[in-house]
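Number of protein chains: 2
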Amino acid sequence: MTRQELVSLIQERRSFLCVGLDTDPAKMPEHLRNAQDGIFQFNRAIIDATIDLCVAYKPNIAFYEALGLEGLRQLKLTMDYIHSLQKPVFTIADAKRGDIGNTSERYAKAFLDPQGDFNFDAITVAPYMGADSVTPFTVYPGKWVILLALTSNKGAFDFQLTEDKNGTPLYQRVLETSKQWGKEDNMMYVVGATKAEMLTDVRRIVPGSFLLVPGVGAQGGSLEEVCRYGLNNDCGLLVNSSRGIIYASPGTDFAEAAAREARKLQQQMDAVL
Amino acid sequence: MTRQELVSLIQERRSFLCVGLDTDPAKMPEHLRNAQDGIFQFNRAIIDATIDLCVAYKPNIAFYEALGLEGLRQLKLTMDYIHSLQKPVFTIADAKRGDIGNTSERYAKAFLDPQGDFNFDAITVAPYMGADSVTPFTVYPGKWVILLALTSNKGAFDFQLTEDKNGTPLYQRVLETSKQWGKEDNMMYVVGATKAEMLTDVRRIVPGSFLLVPGVGAQGGSLEEVCRYGLNNDCGLLVNSSRGIIYASPGTDFAEAAAREARKLQQQMDAVL
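So the sequence lines, in the order shown, correspond to chains A and B.
Under the working numbering, think of the first position of the first sequence as 1191, with each following residue one higher.
Under the working numbering, think of the first position of the second sequence as 1191, with each following residue one higher.
No wet-lab data here; the hints were simulated from the structure.
Wrong hints could be hidden among the right ones.
Note: identical chains are not told apart, hence a pair may lie in one copy or across any two.
To be verified - Below, in silico cross-link-like pairs of lysine-lysine (DSS-like), each with a Cα-Cα straight-line distance of 25 Å or less: (1) Lys1217 - Lys1299; (2) Lys1373 - Lys1344; (3) Lys1344 - Lys1299; (4) Lys1299 - Lys1454; (5) Lys1454 - Lys1277.
In isolation and in its complexed conformation, chain A is listed as follows:
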């Protein structure tokens, strides 16, 4: 999906919501836990209930890998289903990959290749290994790399805020340096919502880039603050919510409950746009 298509989709749906498909069998309604393709069935119901309210889905790949080959098969069923829909939606493999150049090429193929098993629009990538670990993800037309800058977890303080000799924290150095590796139409950044005021610094460095903001809801971030500091002329935000939507109800009404929570966020987003 190109940047223009993404911006149009945001305007059309009046939403910049990304729904995190962090599907955990232990938290699914009981009737799906041991069902054939239960994870896929759960995802499909969530997707059907929320697709008019969001612009993106973000399966966290760890949740599927933890279930072995069977989990990845259900991830593929989920992606096949999304691709079969008549409604456009942006898809993000939250995979946090990154390796030396010839190896990152293979991760890019695994997740972004239109002929591959998954065919995501975007993938999250860790910056530690530098340029050649990131640029292989920028070569597929209409596909995106989403580079970790400032994450929303406690461990973000360990290295991401370490200041260099000029007083520049590492995450800002990542933003500055990586601007040379991609463009605003194939590179986004992960910026955690728990530190919304830092979005001012982020926007100073990458004013035009899209930001994927995790951590609204269960992880404690505020949508209002994220918008205040993070919005740009093209919206420039994808705000993710996972647990707050997909586990809104533990019962058979989980999809309706998910739609209700997604609608709340969509309405707040509509008001902002």
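Based on the hints, put chain B in the right spot on chain A.
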């Protein structure tokens, strides 16, 4: 595999060689390229030819993911085969994972869980997201996290050598900080061989830890230099070679050629031990 078992295995085999199973169908002998389970057949032949000469195998997960579910199925066949052998060998998932705590738990389960599809002894992990992204990999008894410190690619210069206000490069800060997250019997470090003299600094900070050293051979590092600066009383090194061994011959004699190259390295290692 515990640290004591690994040290004993190194002494017994007179080797600290790790063979990288970065299996690429395009580089396999022609007769295996389109064969049923060709990747597994290739890996099995390499393993049979080299297991007495090495102490570890390290499949790079990207090479399997690039082939989709089918590639991961053949990785599972490879791991099942290794576990079926009577000969002990250390196995490393070169996966470079890392995410927020509850997600890293799932990556740990995917690769290290004895009941899982793969049951590796160790997994490589990227440090960017800090403590809670790494510690979930240390909880499986006898299993290891191998944290990226200084990698062997060009991009390593982008952030890993950035000095903080005290003049400490990021990779040294990663070593210092992460010492609190694990012990010498469940945490190793990746240190690239292309910068062997930097091993002196690494050994000052983590004198007793095992180091996984990629980049000997095709990536240009010298085994002699790595040993001069990196060996400790327990050996403390796993030196990886991938392409130089597994693609030593493009023909049907690939396994014999692999054994020949592995033996060369093993003999150099024997002389050092």
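Against the structure, the hints:
| no. | hint | in the structure |
| --- | --- | --- |
| 1 | Lys1217 - Lys1299 | between (31 Å within a copy, 17 Å between copies) |
| 2 | Lys1373 - Lys1344 | between (29 Å within a copy, 21 Å between copies) |
| 3 | Lys1344 - Lys1299 | between (31 Å within a copy, 21 Å between copies) |
| 4 | Lys1299 - Lys1454 | neither (36 Å within a copy, 34 Å between copies) |
| 5 | Lys1454 - Lys1277 | within (21 Å within a copy, 58 Å between copies) |
Figure legend: structure checked against the earlier numbered hints; the only hint not met is number 4.
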